[in-house]
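**Student:** By this note's numbering, the letter at position 30 of the sequence shown is numbered 30, and the numbering carries on one by one without gaps.
Don't take each hint at face value.
[What the hints assert, rightly or not] No farther apart than 25 Å at their CA atoms in a straight line, the calculated lysine to any residue pairs in the SDA-like style are these: (1) Lys179 <-> Asn192; (2) Lys353 <-> Thr298; (3) Lys107 <-> Thr206; (4) Lys301 <-> Ser210; (5) Lys328 <-> Gly312; (6) Lys297 <-> Tyr358; (7) Lys107 <-> Ser72; (8) Lys108 <-> Lys179; (9) Lys283 <-> Val334.
[Claimed, not checked] Cβ pair distances, simulated, as ranges: (10) Ile188 <-> Lys297: 18 to 28 Å; (11) Glu84 <-> His346: 28 to 38 Å; (12) Thr317 <-> Lys250: 27 to 37 Å.
Read the hints as simulated data drawn from the structure, not as lab findings.
In this text, all values refer to a predicted model and were calculated from it rather than measured experimentally.
Each residue gets a CB set at the ideal place from its N, CA and C atoms; glycine is no exception.
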Amino acid sequence: MKKINQKKGAGNLKSLTNLALELKKKKLKMYIYGALALIAILFIAVSLMSMMLMAPFDDELDESETSTKGCSVSGGSVEKKGKELFEQNARGGELEGKSDKIVEIAKKNKIPQNLFMAIIASESMWGKGENATIQKNPLSVMGTKSIHDSTYSSVEEGLNDGAKNLYDLYISKGLTTPKKIGAKYAPIGASNDPTNMNARWVPTVTKIMSSLSEGNSSVKVDCSSQSGSKNVGKEYKGALPSWSNNDPGKGNLYDAGQCTWYAFGIRQKMGKPISTYWHDAHKWNERAEAEGYKVGKTPKKGACWIAEQGAGGAPTTTGHVGIVIDVKNDNTFVVSEMNVAGGPYHVTQREVKMTEGYSFIY
Numbered sequence: 001m002k003k004i005n006q007k008k009g010a011g012n013l014k015s016l017t018n019l020a021l022e023l024k025k026k027k028l029k030m031y032i033y034g035a036l037a038l039i040a041i042l043f044i045a046v047s048l049m050s051m052m053l054m055a056p057f058d059d060e061l062d063e064s065e066t067s068t069k070g071c072s073v074s075g076g077s078v079e080k081k082g083k084e085l086f087e088q089n090a091r092g093g094e095l096e097g098k099s100d101k102i103v104e105i106a107k108k109n110k111i112p113q114n115l116f117m118a119i120i121a122s123e124s125m126w127g128k129g130e131n132a133t134i135q136k137n138p139l140s141v142m143g144t145k146s147i148h149d150s151t152y153s154s155v156e157e158g159l160n161d162g163a164k165n166l167y168d169l170y171i172s173k174g175l176t177t178p179k180k181i182g183a184k185y186a187p188i189g190a191s192n193d194p195t196n197m198n199a200r201w202v203p204t205v206t207k208i209m210s211s212l213s214e215g216n217s218s219v220k221v222d223c224s225s226q227s228g229s230k231n232v233g234k235e236y237k238g239a240l241p242s243w244s245n246n247d248p249g250k251g252n253l254y255d256a257g258q259c260t261w262y263a264f265g266i267r268q269k270m271g272k273p274i275s276t277y278w279h280d281a282h283k284w285n286e287r288a289e290a291e292g293y294k295v296g297k298t299p300k301k302g303a304c305w306i307a308e309q310g311a312g313g314a315p316t317t318t319g320h321v322g323i324v325i326d327v328k329n330d331n332t333f334v335v336s337e338m339n340v341a342g343g344p345y346h347v348t349q350r351e352v353k354m355t356e357g358y359s360f361i362y
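With the sequences and hints as input, model every part of the structure.
**Tutor:** Here you go:
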């Protein structure tokens, strides 16, 4: 009996020992898991604190972007009274309550606040026009679509896209006043303006700008820090880029298949962009000069060659435009062009001799 009890006792002791070891292992695991959990919690806490500390710094960067990237803007701010005036006129429309958002978007995109708000007011009838109420497109951005097909899911989206368009096509190119913008955006005498509404665009926007800034609408925009936005006057050194009718360039609003459509697209691919609002070819040199491009009578590689109406056999209604791809001498050059031999969409090359009515946009 004693041996049996001793065996049982030994067995029980062994079981207790094993149980103790198991408990010890579990306890050790709990300590390890607890330590890991504590480290994870501390890591998350430190990360959150870092994000909170960095947030104000990020905001400061956003605020200063107007002076450190691209163009710098000084003046033209819209303060409390200007915002109140906007809200008073926007009441009941799509832009009611959006004055602060408009100022914020202007700052973000390096656009004078009073200029941005004045153009919005003029274009959208203070947010009550169909372009704002239905299309959510208060700046009437067209892109590659017609104005009637250019819609946004929200008016904020339309405002942001409009601001980007205004900066890319106007502000960054030195067109920073209603007068300079109007020559390109709303040219007087344009064929698509039979009632001459464009004649009122500049004075209307100018007046609204002044009222939003309490009579002091003075703005200074400096884009001198930008390099090569137009490459004005510089001869093109590279080879002619490849062309595809399926990729005519971003924002190309010229009639597809025409000489202007090709010239706009190929210059963009060359890194020498031009406006999408110059209309017929014979108007290009005058409008380019108004926007700060150099225009002359000497052929240079990469320049737009402009033939006035009827000059050298150009169409008597629209004139013609091609791109200079080689210069033999001051009197002879080679052009790449569309809609001459083979008709619309066909790109060809030919040698041209200078004659009366030719000019070049560099």
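**Student:** Decide, hint by hint, whether the structure agrees.
**Tutor:** Now the hints, each set against the structure:
With a C-alpha separation of about 19 Å, the suggested pairing of Lys179 with Asn192 holds against the 25 Å cut-off. Of the pairs offered as hints, the one joining Lys353 and Thr298 holds, with about 12 Å between alpha carbons and a cut-off of 25 Å not exceeded. At roughly 20 Å between alpha-carbon atoms, Lys107 and Thr206 fall within 25 Å of each other, so this suggested pair holds. For the given pair, Lys301 sits about 44 Å from Ser210 by alpha-carbon distance, which is inconsistent with the 25 Å threshold.
Using a Cα cut-off of 25 Å, the hinted pair Lys328 and Gly312 holds, with the two alpha carbons roughly 18 Å apart. With a CA separation close to 7 Å, the supplied pair Lys297 and Tyr358 stays within the 25 Å bound. A threshold of 25 Å between alpha carbons decides the hint, and for Lys107 with Ser72 the separation of about 10 Å falls inside it, so the pair holds. Of the pairs offered as hints, the one joining Lys108 and Lys179 holds, with about 23 Å between alpha carbons and a cut-off of 25 Å not exceeded.
Taking the CA atoms of Lys283 and Val334, the gap is near 22 Å; set against the 25 Å cutoff, the hint holds. The hinted range of 18 to 28 Å is satisfied by Ile188 and Lys297, whose Cβ atoms lie roughly 26 Å apart. At about 58 Å, the CB distance of Glu84 to His346 disagrees with the hint of 28 to 38 Å. Restraint check, Thr317 to Lys250: a C-beta distance of roughly 28 Å satisfies the suggested window 27 to 37 Å.
Of the numbered hints given earlier, the model fails hints 4 and 11; all others are met.
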